[in-house]
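Student: Chain by chain, the residues run as shown.
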Amino acid sequence: MSVWPYGSGEMASRIRDHRWAATPLGPSETWSERLKLMVEQVLANTLVSSLVVGPERILIYNDAAARLYGDRHPGALGSPVPTTFPDTWPVVASLYERVFAGESVHVPAQPLDLGGGEVFDAYLTPVRDAVGAVNAAHMVGFEISDRLRAEAALRASEERLERALEGGEVGAWELDLVTLEAWRSPQHDRIFGHETPLPRWTYEVFLSHVAPEDRGWVDARFQDAIAADGVWSFECRIQRVDGKRGWIGAQGRIDTDAGGHVRRMKGTVRDITQRKLGEIALRESEERFRGLIEGLGQFSWEAHADGTIVSDSPGWRAFTGQSLAEWQGYGWTQALHPDDRADTEGKWRAAVAAGCAVDAEYRLWHAPSASWRWSNVRVVPITRPDGTIRKWSGVNIDVTDRRTLQARLEILVNELQHRARNLLGVVAAIANRTVKRGGSVESFEDRLQALSRAQALLSQGGRDTVEVGALVRAELAAHVHEVSDCVDVKGPEVQLTARQVQNFALALHELTTNAVKYGALKGDTGHLTVTWEVVFDRRERRRLALTWVESGVAVEPEKVTRRGFGTELIQGALAYALQASVDYTLGADGARCRIEMPVS
Amino acid sequence: MSDHVKSLAGHRILVVEDEYLIAMDVKDWLMAAGATVVGPVPSVDQALDLIANDGLAAAILDVNLGNGDTVFPLAAELGVLGVPYLFATGDVRLADADADGDRDRPRLTKPYLEAELVRAVAELISGSPSEP
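Taken in sequence, the protein lines are chains L and R. Per the working numbering, the very first residue in the first sequence carries number -14; after that it's consecutive. Per the working numbering, the very first residue in the second sequence carries number 104; after that it's consecutive.
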């Protein structure tokens, strides 16, 4: 029984007890001191360690190796390696040759056929005898399958990260918080609009890309994150190199090294422009939609088969401001205009009793604008297969605008009717007078044409008013065929109502016809000046003051002294219909007329 | 048209009409039939000044008096005073009649002829349809 090797470990014990005499090594007592020292070193090592001795490659190993070898242990002890590891040996045989030739060899990542996917990383060194010949190989190594797996996992993870960064338009960055210089992934600079990465990137460079209106608070948050060792996370607007604006989302986290000294911030940045624009568009669209629905005043509601309101209608309550308790049962009638209540309730009860659909219009209280609005409701019964009514379903639509429009249209049509008929009356009156006072058909037609011109001007503007200047110029243009120096027309823009236009046009026509027949527009010597202005009476009311001055006329008194229909139109009609004051005189030089009348 | 032989002789008739030429025609026709014309005036305000006097036998009222004004406030006054009146209108229907009573008043649609007008006024005064 051997006492060597010393030690309490399993392998020490096994080596002591092994029948070395049966091996090429012979009894352990015969081993050289050098060999025995190596065995002791192997046993003392916590790493996997072994000796491969002699040409037979006899294996001596330690406890760590024993665990690694699994069920090949303890048979492996004292046996040749080729015998114990027949599948692995061919691969490593040549390596051991080199060791026995005196070389130190690293056997990297050697898969071991031990059933558990083990991978072994080994360092082999030659052991020499007293005369320097190599008689053993010393092996120290690690089972590295875990490490390999970790490395492979890391590599895969890095590849995934790269793919994610590329595809997801995400850039990674690391900022040295002392120098403020940053490392970035290739995608990073592209997010800010640089097709090729800039030669260097610093915090200042980043900040210069941030939109001016956001720079302040982004920097403030950065400073806070550094001070608090916290997280820097935000979304802000950027202005890219090409001027285009966008949105980015970024986050960074402080990374302190083991010594707590050099601090870095590591993070990512993403281009979120599309999402942001989408959010903004969605929000605006939702607001428009909500405004539209609320603006439409459209909502639905349901009633029990017996006609009472039971279930809630948020739309009704939002419109009328009633609470659920207030509108249930027959409480909804309280939201109707008092004048419409009785009628509508009566209609509803009748419809419920008869079981048929009903249509109604009534004024409904609109809480948001605190006003009554016209609402059109249509309610239909929802029947069961057997024909009995299960419930009533109603839809309300706001028809206030429609009714207002309709009312306006009615008024307009009425007005047109009225005017047309009045016009006929006027034409008849003109015809009558012209004939009675011996006037010609031609002068009658002339007056009609003046009326017609006035009507045309009225319908042209679409505004139901005519500007004084337009009226004057239109009437003069109808009689003065050439633009001549003998006429001056000047005045500010003053609008006349439809009522004023007709009488004014007739008066202008008379003045013009007289000027053509007897006055300034007859020969070459005459001159006509038509001017007007806005004046204010003692009660600050606006008045139009128009002056018609003819000059350079050889007046023939006998032709114009009699008071004709024309003069009656000028003075009588204006005074009667428009409360105008008319001052018409026939001076030595030509006719002068001053018309003053209220205008709005 | 002296065929009527001054059928309105001795009566005072109020004329409210905002269109000058029509107002002048109505005045001429009524005077030719022997009536005394109160007015014509183009507005309710001016008319109110005139009806304070007694002795109106009838009134001819143009419905639409310009600037969106209607003659109905005046009609109400005349109703209170017991003066019969008719509406002369360019409208085919009286949509804005304020009082129910107005809907039943006689009316003439424009344009109307002298004979129509004189007959209508004569009927107003007598309170019953007269011989044509």
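Take the hints with a grain of salt, since some may be wrong.
Within a straight-line C-alpha distance of at most 35 Å, the following computed DSBU-like cross-link-like pairs (lysine-lysine) qualify [claimed, not checked]:
(1) R:Lys109 / L:Lys421
(2) L:Lys376 / L:Lys421
(3) R:Lys130 / L:Lys332
(4) L:Lys251 / L:Lys261
(5) L:Lys502 / R:Lys130
Just so you know, the hints here were simulated from the structure itself, not pulled from any lab data.
Student: A separate judgement is required for each hint: does it hold in the structure or not?
Tutor: Against the structure, the hints:
A C-alpha spacing of about 21 Å is found between lysine 109 of chain R and lysine 421 of chain L, which places the hinted pair at or below 35 Å, so the restraint holds. Using a Cα cut-off of 35 Å, the hinted pair lysine 376 of chain L and lysine 421 of chain L is violated, with the two alpha carbons roughly 77 Å apart. Distance hint between lysine 130 of chain R and lysine 332 of chain L is unfulfilled; the C-alpha atoms sit about 53 Å from each other, more than 35 Å. As the CA atoms of lysine 251 of chain L and lysine 261 of chain L are separated by approximately 24 Å, the hinted pair is consistent with the 35 Å bound.
For the given pair, lysine 502 of chain L sits about 31 Å from lysine 130 of chain R by alpha-carbon distance, which is consistent with the 35 Å threshold.
This entry does not satisfy hints 2 and 3, going by the numbered hints stated previously.
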